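Colleague: Here is what each chain is made of, one letter per residue.
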Amino acid sequence: MSTLTGFAPAGFAGLGRGLRVVAVLAVALTIAACAQNKAQQTADGNVTPGSAQDFVVNVGDRIFFETDSTSLTAVAQDTLNKQVQWLRVYPTYTVTVEGHADERGTRQYNLALGARRAQITRDYIVSQGIAPNRIRTISYGKERPVAVCNAESCWSQNRRAVTVLDNAPPS
Amino acid sequence: MVSISCRRTIAKSVLAFVGGLAALVVAAAGPARALVEIDITQANIQPLPIAITDFGESGGDAEMGRQIADVVAADLQRSGLFKPIDRTAFIDKTGFDQQPNFASWRVINAQALVTGRVTRQPDGRLKAEFRLWDVFAGQQMTGQQYFTNPDNWRRIAHIISDAIYERLTGERGYFDTRIVFVDETGPKDARVRRLTIMDQDGANVRHLTNNPNEIIRNPRFSPSRQEITYVSQPIGETPRVYLLNIETGQREVVGDFPGMTFAPRFSPDGQRVVFSLQQGSNANIYMMDLRSRRTTRLTNTPSIDTSPSFSPDGRRIVFESDRGGSQQLYVMNIDGTGQNRISFGNGRYATPVWSPRGDMIAFTKQSGGRFSIGVMRPDGSGERILTEGFHNEGPTWSPNGRVLMFFRETPGASGGPQLWTVDLTGYNEQRVATPSFGSDPAWSPVLN
Chain A
1 MSTLTGFAPA GFAGLGRGLR VVAVLAVALT IAACAQNKAQ QTADGNVTPG
51 SAQDFVVNVG DRIFFETDST SLTAVAQDTL NKQVQWLRVY PTYTVTVEGH
101 ADERGTRQYN LALGARRAQI TRDYIVSQGI APNRIRTISY GKERPVAVCN
151 AESCWSQNRR AVTVLDNAPP S
Chain B
1 MVSISCRRTI AKSVLAFVGG LAALVVAAAG PARALVEIDI TQANIQPLPI
51 AITDFGESGG DAEMGRQIAD VVAADLQRSG LFKPIDRTAF IDKTGFDQQP
101 NFASWRVINA QALVTGRVTR QPDGRLKAEF RLWDVFAGQQ MTGQQYFTNP
151 DNWRRIAHII SDAIYERLTG ERGYFDTRIV FVDETGPKDA RVRRLTIMDQ
201 DGANVRHLTN NPNEIIRNPR FSPSRQEITY VSQPIGETPR VYLLNIETGQ
251 REVVGDFPGM TFAPRFSPDG QRVVFSLQQG SNANIYMMDL RSRRTTRLTN
301 TPSIDTSPSF SPDGRRIVFE SDRGGSQQLY VMNIDGTGQN RISFGNGRYA
351 TPVWSPRGDM IAFTKQSGGR FSIGVMRPDG SGERILTEGF HNEGPTWSPN
401 GRVLMFFRET PGASGGPQLW TVDLTGYNEQ RVATPSFGSD PAWSPVLN
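As you go down the protein sequences, you meet chains A and B in turn. Here the first sequence is numbered in this note's numbering, starting from 1 and rising by one per residue. Here the second sequence is numbered in this note's numbering, starting from 1 and rising by one per residue.
Isolated chain B (complex conformation) (with noise of 0.2 Å):
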């Protein structure tokens, strides 16, 4: 019984979060060489070759172990890192307590394997056991067991995910994460924008707000609370910035300021608010403490300072401002001291997010009457753009840094936005999944 430390994270954080749903690592067969791995340095990525088999065909629960493993494979297969082999190729039949006939899943190209097995427990609980192997080595290379309340069972595929990920990738998985985004529904001029929640898969849609008179933007999360800030504008009245606690759906407007306030973001510690604040003609960024509310303001310039996001060690704010007479990005202390000018290319820039990893930082690109999404480094240098249509924008971070999700929107009357994403080397767009129209979505960190 080996457990390694990023094992033991997450059996806690699970025990923590989901509340009786438990972690526990199957035997592991010593210490595993490796010689299935993926690296994702590369720009052009060969999917992994993956069998996943039938979880249900272990025995045990048979209808909801096929539907866990179908969602392991599809969390793989989007990722773009993984190719999940047909299972209609499969021709051994070995039980999960046994060691798989490697030689048979070599013939079939497989070059990893996952077996699993789901069961009910006489207390209803769900148990789901999954093993990774490295069909060439004929290794296990890691595997767990987790109980857990069958309306879980979402999550428990998405955490088998993440496993299976982090043991091939050496990253970490972003599969057992949240969107959360502005719905749209009805016609270009009469559009209701609902605040809306769901899994980074699409499942689990759950509308957090639902007034045809209010108008909800720019929603993003909290690092460390089941927490988020948005924009909610009742038609007729000034937009403010809020705070949703999710689980209870208790809301609280943020500061107490006359004019508009608008762009929040958290600071990743989660204590603190970045925003905007319409001053007249100008927009000026402030911070509030969430502890003492004390509201600091960073920028006074005359003009549009906005979208403000943290550096992962909460030291640096990066921000758009068309101080210099267009929309351009900017970083500062978080003091609101060295505003830096840091965007030089042919166009406007706007919405920059810093990545989670600390060294790139993301933005939406006007350009020639075209949108795009493009990151750069902090320093404004290695400018790459991912994406180019008619209008991408908005985007946002896996929390592992590695694939970017935004809303591009179609043209005309009938045109509307939906949510994309793409991996950080411009490979691998995939749309993502909502009930009907969707913008300005924001990534969850990983669930604890």
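Bound-form chain A, shown alone (with noise of 0.2 Å):
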């Protein structure tokens, strides 16, 4: 095996890890942006409070990250926040934190990246004052995206946790 060629095995120099963060950031806080526009014009709409409809229109059933990161960013902290109350509000309510990765990753690894991402939300969700046992979570890693697009605007909306309402009533 010694005879074989070798294949230019030296790694590719990273593009400006810098500025590749800073977009990032920025396409996530638009998404954000956008989530709030809509949330504020469908709430003068016809939405039963308490109803899983309102938890995701008034509320907001998701949060995002960035690329292989499992932080809070400050906008997803303000998101769980609300949930957090809302939950308090409707107390009979169990939900399921489900976490998902973008498509850049292996499968494996985005398997247990999304279990992350799960379990430190349930985790702050906790902090805040909600019952351990009405909090579970699942992991989807990169099997499940919503925006299909090669492009980050895409990736970031698929790298989220979405808090499902389990027992919702049929609406």
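It cannot be assumed that every hint is accurate.
Rough simulated footprint, nothing fancy, chain A against chain B, three-plus residues with beta-carbon under 8 Å [to be verified]: (1) 132-145; (2) 187-198; (3) 410-424.
To give a feel for the contact side, a few chain A residues facing chain B, derived at Cβ under 7 Å [as the list claims (entries may be wrong)]: (4) 109; (5) 111; (6) 148.
No wet-lab data here; the hints were simulated from the structure. As the structure is a prediction and not an experimental result, all values here were calculated from the model. Built from N, CA and C at the ideal position, the CB exists for glycine as well.
Assembly of the complex is requested from the two constituent chains, each provided in isolation within its own frame, with the hints serving as guidance.
Modeller: This is the structure in structure tokens:
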């Protein structure tokens, strides 16, 4: 085997890592802003308080993560605080936090990364006073994307933790 | 009637598993001192010109004879080591029972010649015979005959391919093998993933699961049984490692854990399974003994430890961990001691798989937003990238350690994963035919 020719194993230069992180942040903020606008627009509509629709539209059921990160951004914490308030008002609900990863990682690692995102989200909600037995977690890794384009604008929507109401009455 | 040991092994194993399939050695013409050989240690191999006659022209079952010869030619061509010569160039029409007219094969520059014949037996079985000839030495190199149920005709073709490959390269063939993988259909945001098995050349596709509400991941073959391990996740439920008997369809969950289990792989003796168990924010590696059902924890760090793979001697495990801040490869003893990082290149390393020969570890590498498949020695030295691009992931070794299969994703909404192979030299990239998108391949051992 020693006679096999080598094939340029030298790594690829990290392309402007700092710039990329800034771009990621900008996109994440834009999405969050869109979500809030949407929530305000529909808040005047016919949404039953305490319904699953109320939770999705007026509270926000999902938070987003930066690339390969499990840290809760300020925007994410804000959304989770609203989820906590809502879950306090409607104490009969239990929830499942679904952790997801974008497609730019390997399958096994992304499954664990999604689990870690779900766990950190759950831990935060519990730290704000919601009973641990009301929250379970699941990871879907990179297998359940919501946005499918080949761009950061899609990947940033897929790096998410979604809080799903388990026992919402049918609307 | 001389039968050397490797041939006897094939005969025995074929008998054991195909049922009613028997192999005999066709009279070998003395100890062949071969002039024709392939040195596969060279990087850019010139494929060996080989003439594979239409087995159907020697009398017998013309249709079956041609089909078997075609599968043999396709196997050898895809390996990149052989160049089957177009049959329209053939001059010699000598029958199977006579010595070929070697001069007429030399004229068309054939270095090796395969002749064969396929006949139906009175009991309905198929008899397939072949001879491999060294054209320049004018000698038979090997020859065999097989009896089988006609349904097994493709296996007979692959077994013949293996015999030719082994005689000419000195290494074990890998054509009589299967692939288990994840068949993927439907739009990207609503994929249906089915556990699927097929022959290594893409024939005989069979779906082993068929539930649109179940996500399948990480199928892996047992080295010793007709069994696979994989991860099943019904939508809304926690992913769990399962064992599935391919023949009986019997399925059982591995271990009884509250958390997610994933990334399973068998030990080389087939008696144990290693996998990851999610515990809070961390994934640790566990091993379960399949006889005692006892589980042992092998890693215990606040990190994602996953993708464990045994060394072929069963004494060590390579795995990936982000304990140092990013995904890197580590090697440990099977009791969890001596955990040492082996990857130090520029990038993230994942999905390590130990070569069946023991001298290499294949991996997925992420660097600069690109995904490549590479190999390194078990001590981390000698890293070589075999293929690089937008997204290549999840290598699996051919049983002889010569070829790597992996999946390659194409980008965008209409993109998806497809199966590919690449030679250990980095040459001869080939797409593997699948009915739709396919990912996460695992190569079976040579069928016994």
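Colleague: Run every hint past the structure and note whether it holds.
Modeller: Do the hints match the structure? See the list:
Counting residues of the region 132-145 of chain B whose beta-carbon sits less than 8 Å from any beta-carbon of chain A gives 0, not enough to reach three: the coverage restraint is violated. Note: the region 187-198 of chain B has 5 residues with beta-carbon separation from chain A under 8 Å; the three-residue rule is met and the coverage holds. Evaluation of the coverage hint for the region 410-424 of chain B: fulfilled, as 5 residues show C-beta separations to chain A shorter than 8 Å, against a requirement of three. Look at residue 109 (chain A): its Cβ gets to within about 6 Å of chain B, closer than 7 Å, so that hint holds up.
With its C-beta approaching chain B no nearer than about 5 Å, residue 111 (chain A) sits inside the 7 Å limit, and its interface hint holds. Proximity of residue 148 (chain A) to chain B holds as hinted, the smallest CB-CB distance being about 4 Å (cut-off 7 Å).
Consistency note: the structure conflicts with earlier hint 1 alone.
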